[in-house]
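With chain A fixed as given, assemble chain B onto it according to the hints.
One-letter residues, chain by chain:
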Amino acid sequence: MIQVEGLTKYYDDFCAVDRIDVDIQKGEIIGLLGPNGAGKTTTLRMLTGYFKPTAGQVKIKDFDIRNDIVAIKQLIGYLPESAPLYPGMLVFDYLDYVASIRNLTGSTRTQRLHRLVDLCGLQGIMHRTIGELSKGLKQRVGLAHAMMSDPEILILDEPTSGLDPNQIVEIRDIIREIGREKTVILSTHILSEAEATCDRIIIIHKGRIVADDRTENLKQSGGQARRIHLSLQNAAPEEAIATLNGIDGITAAASPHPNANDALNLVLTCRGTDDPRPAVYAAIKTRDWVLVEFVQQTKNLETIFRELTKEN
Amino acid sequence: MHQVSRIMGKELKDFFISPIAYIVISVFLLVTGWLFFSTFFVFNQADLRNFFNLLPMTFAFVVPAITMRLFSEELNTGSYEILLTLPVTFRDIIVGKFLAGVIFVCAILVPTLAYPVSISLMGELDWGPVIGGYAGAVMLGAAFTAIGLFASALTRNQIIAFILGAVICFALTAMDRMLFFFPTAVLNVVNYLGASSHFQNVAKGIIDSRDILYFLSLVILGLYAAHLAMQEKE
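These protein sequence lines are chains A and B, in that order. Residue numbers are given in the working numbering: position 176 of the first sequence equals residue 1252, and the series is strictly consecutive. Residue numbers are given in the working numbering: position 27 of the second sequence equals residue 502, and the series is strictly consecutive.
No lab work stands behind these hints: they were computed from the structure. Treat the hints with care, as some may be off.
Unchecked claim - Pairs of lysine to aspartate or glutamate residues, derived as DMTMM-like cross-links and limited to a Cα-Cα distance of at most 25 Å, are as follows:
id	chain 1	residue 1	chain 2	residue 2
1	B	Lys708	A	Asp1094
2	A	Lys1128	B	Glu707
3	A	Lys1211	B	Asp489
A quick note: this is a predicted structure, and the numbers were derived from the prediction, not measured.
Looking at chain A on its own, in the form it has when it is part of the complex (with noise of 0.2 Å):
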């Protein structure tokens, strides 16, 4: 569906997007992640062709983006970072102006704007100036105006950035919704959105890639070292220690922060892909411990993302 080669965008002597190659199947939803100027933006203006790439390739089904732009904006349906919609227009205006460009006429296009009003909740506020809205409200009409064609592609720039929990929610239920045909590219920088929406996750950082999984299998790869948090009161801390590390399938078990709370807290790392919990359990059974505290850390989205974003 989408092939990107090469992908390269410098401001001046500045390169914000670097060598970039991705291949998107249909139907996917892809969360683009990254810290701030990461290159989430240029990348997805280079894909809209609102930005030339300095160099590389972009093909659009077979459409090539230099060739046959108009055709590919023709595919695309994009909502930029914070919908920056003309704050003078009523919403239906608007929408109705957009309907137009997008050559859509007589009952289809009344059908469409129907059909867009339902899907985004936009009953009661066709009639409002765009520039009065809320931004969640202001986000809906953007979303509207990026689905209006019904496209295959479609392609959203921070679609949940300074929305409340409940219009996350909401959004977010609509974009899972549209992913089921459409192909979705949307950046994020809120993790738990990008695990919760997207099939495949792609990480940039400094302009290049440097993750790009299924997001089950991404989670997954940093979960081999699985890590046991353990909180223990009434314990002795060398006995502790001993008898755990006795315990097969334990490498070590350290006390990070000694003497918090009155409790030992003690961090067990896991080798293996036994789960060495019931022999840990029956470990503590047998002593005189209270056992306050008993978790397994397997390594989130978060603490790969932070790895392989590091400032280093």
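This is chain B only, laid out in the frame that chain A set:
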């Protein structure tokens, strides 16, 4: 072609919705009306020559005030990004905005038709120069609109766009009145480049291909420069 008319329609709607348009119309009518009629009864002649003499100078300030928002506003609010990611070409956008500007310039000329009508009631009015004058005004307005559009495409600040457009239009208007500053060798070239002499030719009722070519090339030059300014932003 469809896209051009849609963009033009949207821009025209914006013109007539915004209060700036009506302020510009009022100021234009006030200034031209006062400058024209304050001396009209002194000369005691039933013609509009004085009105058309002043028109290039008023247009040099009024037209850039109309066109200043065409691109600058979009660049400032960021809607430029939305416009460019809709399935339209640069040419559609530029021509659409240009035509909207020209139609608006024609719209501000319509109320001034009251002058020839009222003068014709007072005395014998020769309609030839009047028709020529309006034809010239439309051509001049189109040329200044193209220049103003270019100035607007350069900056996100409407005030800078206005000043830039007004300076270029004013220079073109005043050029052939400043001939004594120029060396004899370039005199003819400078004279040809000035907008007022071409406008006065048309306003006298002489439709010469050289004058039409002059305004046409100004339009094309302005629109092409705006196109370059848009490309630069990529």
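Inset, instruction - Identify every previously stated hint that the structure contradicts and give their numbers, smallest first. - result: Those not satisfied: there are none.
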